[in-house]
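Using the hints, put the two standalone chains together into the complex.
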Amino acid sequence: MKKHLLSSDDLTADDMATLFATAAEMHDVQRREVKKLPALRGRTIINLFFEDSTRTRSSFEIAGKWLSADTINITGKGSSASKGESLRDTVLTIASMGVDAVVMRHGASGAAQQVSQWIDAAVVNAGDGTHEHPTQALLDAYALSRHFGEGDRLGSLEGRHVVLVGDLTHSRVFRSNVITLTRLGARVTVVAPPTLMPAGIASWSSSAGFATSYDLDEVLPTADAVMMLRVQKERMSGGFFPTSREYTVGYGLTRDRLRVLGPEVPICHPGPMNRGLEIAADAADAAQSLILEQVSAGVAVRMSVLYHLLAGEGTA
Amino acid sequence: MTHQPVLVRGASLLGEQTADVLLVDGVIAELGTARVDAPSDARVVEADGLVLLPGLVDLHTHLREPGREDAETVRTGSAAAARGGYTAVLAMANTSPVTDTAEAAERVHSLGRAAGIVDVQPVGAVTKGLRGEELAELGLMARSRAGVRVFSDDGKCVADARVMRRALEYVKAFGGVVSQHAQEPTLAGATACCHEGELSGRLGLPGWPGVAEEVIVARDVMLARHTGSRVHVAHASTAGTVEVLRWAKSLGIQVTAEVTPHHLLLTTDLLGGYDPTFKVNPPLRPAEDVEALRDALADGTIDAVATDHAPHARHDKEHAFVDAAFGMLGLETALGVVATVMVESGRMGWGDVARVMSTRPAEIAGLAGRGDQGHGRPVAVGEPANLTLVDPAASVVVDRDDSASLSRNNPWHGRTLSAAVRATFLRGTPTVLDGQLVEIGATTEGSLT
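Residue numbers (this note's numbering), protein chains in the order written: chain S, 7 to 322; chain B, 188 to 636.
Because the hints were derived from the structure by calculation, they are not lab data.
Note that this is a predicted model, so its numbers are computed, not measured.
Honestly, I wouldn't trust all of these hints.
To be verified - Okay, the calculated beta carbon distance ranges per label pair:
(1) S:Gly215 with B:Arg318: 32 to 38 Å
(2) S:Arg47 with B:Gly316: 44 to 50 Å
(3) B:Ser283 with S:Glu91: 33 to 39 Å
(4) S:Glu91 with B:Asp228: 53 to 59 Å
(5) B:Glu321 with S:Arg261: 33 to 39 Å
(6) B:Asp347 with S:Ala19: 50 to 56 Å
(7) S:Asp58 with B:Ala348: 35 to 41 Å
(8) B:Gly376 with S:Ala293: 57 to 63 Å
(9) S:Pro200 with B:Ser437: 32 to 38 Å
(10) B:Ser437 with S:Ala19: 52 to 58 Å
(11) S:Ala214 with B:Leu620: 50 to 56 Å
(12) B:Ser582 with S:Ala19: 25 to 31 Å
What the hints assert, rightly or not - Among the chain B residues that face chain S by a calculated CB cut under 10 Å, a handful are:
(13) Leu457
(14) Tyr461
(15) Asp462
Glycine is no exception: its CB is placed at the ideal position from the N, C-alpha and C atoms.
With the rest of the complex left out, here is chain B (with noise of 0.2 Å):
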C-alpha cells in the first residue's frame, strides 16, 4: 500500500536541529537541514517552532475491550492515544474475559489493527484469570500472531513468590518481561485505597502503604536476579522503590521501571474531599515520594513514563470512595504532564522527553527492533516514520469533554499543562492534524508481526 508523502517542514528534531523531514511509504525518505523539495503529491506540515519525537510508546494502557465496551474500546482508546502522541500502546491483560490465552492476545491486536490508529500490543496475563495461581499459556501468547512480549497481572499483584519466579524464568525462553503490579496484598489490605499517613488516619480511609509496594519491587529484583531474567517495575510510586531500583541497577539485575504522569504531579492531599476521580492504584503519594520519582525520571532510574490509562464509566465512579473504580485517564494529558513537570522546570530536555516516552519503553516491550515496524528508532533516514510533533509553546486548559476517550474520569480537567501534540504519524500516516483525529478507515496493513 503506498501512502500519500508528508513533508514535515522546518521541525526541530527532539528539540535540537531544524530540518525538513519527508514522510515516504512509510519511512523517513529524507531528513535534511537544508530545504527538502515536497514530491508534487506531498501533504506540507509547516512545523516551525515544533520540536518532532519519534512516536510515543505507552507500556501501560487499558483499553477495556473485551469486557467493558462502555468504558472504552480498542478504537476509542486507540484515538486517544494518537491524539496524546502515541503511536504504540500495550493493552493491558485484565479485560473480561482476561487476556490470558493466544486467541485472547490475538484478538485483541486485531482489533487494533482493525482500528488502524496506533499499533496496539497486547500484555498477556502471568497468571490464569489473574488468580496468581498458574501460569497462564505464556508460550502460545508469546508465539501468537500477536507476539506478546509483556506479561502482567497488572491491576493484582504476582504476590506468591514461586509464581513470581517461575514466571521470570519461563519468559527467558522468548525475551519476554513481567511487568509487576507491585502491592503485598496482607500489607495493603483490600480495600485499601489512600496513601496510609496522616491524611489516611484523619479521612478514615483503609491505608496503602508505601512499604506494600516496596517489598514486592525488592522481593522481586532478587528474583530477578536469581533466574537471571528481566522484570518491570508497574507504577513506582514512591521514594522507598526508587531506592530499591538504585540498589538494583548498580548490581546489574535487569529491572526496569516506569512511573505515571499522576505519579508524577499529583499528591494524596488530593483525596481530602473523597473525589473518586483521585483514586488510583498504587494511590497517590505525598510530595517527598513525588520529588523522588522525578530525580529518579531524570536520572534514569526509572526508565519510563507510562499513562495506566484507566478509563471507567461515570456510574463506576460515582459510589463512595472505597467503592468506586481505582484509576483515571492519561494518554492525551502525558505529554503536557511531563512537559510541565520535567521540562518546563529544566530537569529534562526534549531527548529526554523520546527516551522515556519512546526509546526505553519500545526497548522494553521489545518493539524498537522490528525493521521498518519498530517504534522508538532514531528520527533518521530510513527509520519507520513513526513520528510526534509537539509544539512546545503551547499552554493548554484541560476539558474533560474534549476528548477521544469514551470515559471523562480525567484528573487534569481545569489544569493547564504545557506543550500540545500537533501532529501523530504512524508509518508516515497522519492519525492527528493539528491537534485533531484524521479520520482514516479500517486498514489491514500495519502490523507489528
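Chain S on its own, in the form it takes in the complex (with noise of 0.2 Å):
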C-alpha cells in the first residue's frame, strides 16, 4: 500500500482484499468484552475534521482507539483556519507535533492530497468535498463482500451488478465506489437523472468501465445490490429537480420498486438517509438493508486501514 489513502484509485485489487482480510479480523474485536488491540500503541493519530460529521469521524475515532493508538479531534469550526490562515499553515503546526497519521474530513475537493504533500505523516481521506471518500467505499465493498459470503468467508463481487442511484454530482461515495466497485470485478451500474450526472461521465464511464441509466425501472430489475445515494439538499442551489415529488418518482426507492427488487437484493446507503426522498423507510428498514451492517464495517475497515498505514514491522 502507498503511504496515504487519498482516493480509491490508490488501492490494487490486492491491496484491497488484504484490507478486507485484515478487518474480517478486525471485526472479530467488536464481539469482544475488551474491545482493544495494541497494534498502534503509542501512535498519534489526529482526526481533522474541517466539516461536519458524527458518524466518520467517531468510526475512525473508535477504530483508533480499539488499537490503541491516541486520538485527537480537532474539528474545522473554532481552529485557526475559520481566522483566515492558509490551510498549509494549519496543518503544518498540527504535524508538527509529531503525529503519525491525519485522518482528515475537508469540503473542498482535493485538500487531502494536497495535505499530504505538505507533511510526513500518513493522510486518510476521509472526504473531501465532491471529490472521494474512500474508506468508506472500502467499507460499502466489503460489507457487500460479507453479504455474499458464506459464514465469516467472504464473497466476491466478480460479475456482481451493482447499482448506484441518486446525487452522482455531488457525491463523493460515488467516486470512490465506482472506482472501488470495479477494480473488484463489479459490473457496475450509475443512475440519475441527467441533472445530476457529473460533467463528462460519458467519456468517464467508458474508459473506467461502468455504466450510466436515466432510467431506474429499466436498471433495477438485473441489480444484484443497490445502493442509494443521499440527495445533497445543501449543494442544491441550482434547481436539479423540478420537486422532491418528481425526484422519488424517478429514481427513490419507493415501496413499489422494493417489491421489484425482491427480498435477495441488498440494499446500502452510506448515510444520513432522507427518509421519503431517496429511500423509502420499509426500504431503509428491509430484513435486506445492509445500513446498520455497513456502519460496524466502517469501524472494523477503518481499522484494517490505520493498522496497514502505521504498524511498523513486528508491532503486529
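If you want it as C-alpha cells, here you go:
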C-alpha cells in the first residue's frame, strides 16, 4: 500500500483484498468484551475534520482507540483555519506536534491530496468535498462481500451487478465506489437524472468501465445490490430537479420498487438518509438492508486501514 | 531631458532585414542597413542575430497596488514587465480600493511614472466597486491626467445587460472601449474553478463551462452592434468564443479579443494534482480549445496576446484548490510562450508577434497615436524608441525564483521556453540589458498624456 490513502485509485485489487482480510479479523474484536488491540500503541492519530461529521469521525476515532492509538479530534469550527490561516499553515502546525497520521475531512475537493504534499505524516482522506471518500467505498464493498459470502468467509463481487442511484454530481461516495467496485470485478451501473450526472460522465464511464442510465426502473430488475445515495439538499442551489415528489417518483427506492427488487437483493446507503425522498422507510428498514452493517463494517475497515498504514514490522 | 544615445548594431528588424538603429532623445534617429556611426557618447548594443520589435504592450496586467503590495507593487510589476520586453502595461482596476474614480486612476498612473520602468496606463472600472450595478466615473477617468481609455470590471463580469449597454454607449464619448471578463455568473457559479468536463466530474471540482463565456461574448457583440461601440473580449478561452468572434467580425462589429499565453499552451489536465498554481480564471481548457485559440491568433480573429499577469502572495495560493486565489504570473514569460507555441511551430513570424503583442494591443488601448510617446509604432525613423530586443535562438528553463515580481505563482517553472528578451528600451533608455534590469531612478518624464 502507498503511504497515504487519498483516493480509491491508490489501492490495487490485491490491496483491497488484504485490507478486507484484516478487516475481517478486526471485525471479531467488536464482539469481544475488551475491544482493544495493542497494534498502534504509542501512535498518535489526529482526526482533522474541517467539515461536520458524526459517523465518519466517530468511526475513525473508535477504530484508532481499539487499536490503542492516541486519537485527538480537531474540528474546523474554531480552528485557526476559520480565522483566515492558510490550509498549509494549519496542517503544518498540527503535523509539527509529532502525529503519525492525519485523518482528514474537508469541504474542498483535493484538500487531502494537497495536505499529503506538505506533511510527513500519513494522510487518510475521510471525505474531500465532492471528490472521494475511499474508506466509505471500502466499507461498502466489504459489507457487500460479507453479504455475498458464507459464514465468516467473504464473497466475491466479481460479476455482481451493483446499481448506484442518486445525486452523483455531489457524491464523493459514488466516485470512490465506482473505482473500488469495478476494481473488484463488479459490474456497475449508475442511475440519476441528467442534471445530477457529473460533467463528462459519458467519456469517463466508457474509459472506467461502468454504465450509466436515466431509467431506474429499467436497471433495477437486473441488480444484485442497490446503493442509494443521499440527495444533498445543502448543495442544491441550481434547481437540479423540479420537486422532491418528482425525484422520488423517478429515482427513489419506493415501496413499489422494493417489490421489484425482491427480498434477496441487499440495499446500501452511506447515510445520513433522507427517508421518503431517496429511500422509503420500508426499504431502509427492510430485512435486506445492510445500512447498519455498513456502519459496523466501517469501524473494522478503518481499523484495517490505520493498521496497514501505521503499523511497522513487528508491531502487529 | 537628454538621454545617452544608444546604437543597436546589427539587429534584425521584425526578423527580416538587418539594420543599425540609433536611438537619440527618445526617438529612432537613424536606421540604416549600412553601418551607422555611433556618436562618441553612445552606448553600443551589439545585436547580431537578435530580433528588434516594437516594445510589447500588455492589455491585461494586475499590479495589486494599492491594497496588496505584498503580492506586487507598481514598481515590481513594472520591472517584471520590462524583463518580459514590455514598454507599456494596462493595470487592471480590481485593486483595493478599486480604480473607479479619476483620483484612483491618477494615483496608479503617477506610481507608474515614478517607477519609470514601463508606461503604466490604468484601466478604469466599468462599475462602482466592480459591483456591476452603477457606472463608475468613466468620463472623469477618461478626462483625468491618466487619460483612461480602457474600462473593465475584470475578475468579474458585467453581467447585467442593461449596465453593459449603458457602458458601451457612454464610452463612445471619449473613444473608450469596454474590456469584458465574459463569465455568465449563473452558468459558472461562484465557486467554479475548473473547466467543466470529464476532469471536473472526476475531481469533484465546480465546473466552469465554456458556454458561460460564449453566451456573454455573443450578447456583448450584439450590444456592440446595437450601440455602435467597441467591445473587447478579455482572455478568450474557448473554441466557441472564437466562432462567435469570427462571425461578429465578418459582420463588421467592432469587437477585439485577447488570449493569454497560458490559454495558448496549458490544458485543463494540469489540474489533476489540485495544484493551485494552475488555478486561473477563466480556467485552463482542453486541447481542442487551445488549438482553436492558436488558429484564431494566427489568422487575426484574436487580435492580441495579453498576459493576465496575476501575482499572489504564497499564502493566498496555499489553500484548498477551490479556496485558493485565481491567477498566475505572466509578464516575464509571455514572449517565450508565444515564441514556443506560435513562432517555433511556424504558425507566425516575428512580424506577427509584433502585431499581436505590440501594435494591436497599443491600438486597442489607444496608446498608438500619441506622437513621440506612442507605443506599438513601426520601427522607423522619427518613431518613439520603445523597443524590445529578442534572442530568437535562446532556450530558457524557467526558474520561478529568477523574477522581478514579488510573487512566485509561476506556472512555467521548470519548463523550457524558446527565445529570450535581451534588452528593452523605453523612449530610448534601456530598462533591461543582457536580460537584466537596468537600475534606473525615479523620473518625472515619460508621461503618456
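Checked hints:
no.	hint	verdict
1	S:Gly215 with B:Arg318: 32 to 38 Å	violated (48 Å)
2	S:Arg47 with B:Gly316: 44 to 50 Å	violated (58 Å)
3	B:Ser283 with S:Glu91: 33 to 39 Å	violated (21 Å)
4	S:Glu91 with B:Asp228: 53 to 59 Å	holds (57 Å)
5	B:Glu321 with S:Arg261: 33 to 39 Å	violated (56 Å)
6	B:Asp347 with S:Ala19: 50 to 56 Å	holds (54 Å)
7	S:Asp58 with B:Ala348: 35 to 41 Å	holds (40 Å)
8	B:Gly376 with S:Ala293: 57 to 63 Å	violated (42 Å)
9	S:Pro200 with B:Ser437: 32 to 38 Å	holds (35 Å)
10	B:Ser437 with S:Ala19: 52 to 58 Å	holds (56 Å)
11	S:Ala214 with B:Leu620: 50 to 56 Å	holds (55 Å)
12	B:Ser582 with S:Ala19: 25 to 31 Å	violated (45 Å)
13	Leu457	violated (13 Å)
14	Tyr461	holds (3 Å)
15	Asp462	holds (8 Å)
Taken one by one, the earlier hints fail for this structure at numbers 1, 2, 3, 5, 8, 12 and 13, listed in ascending order.
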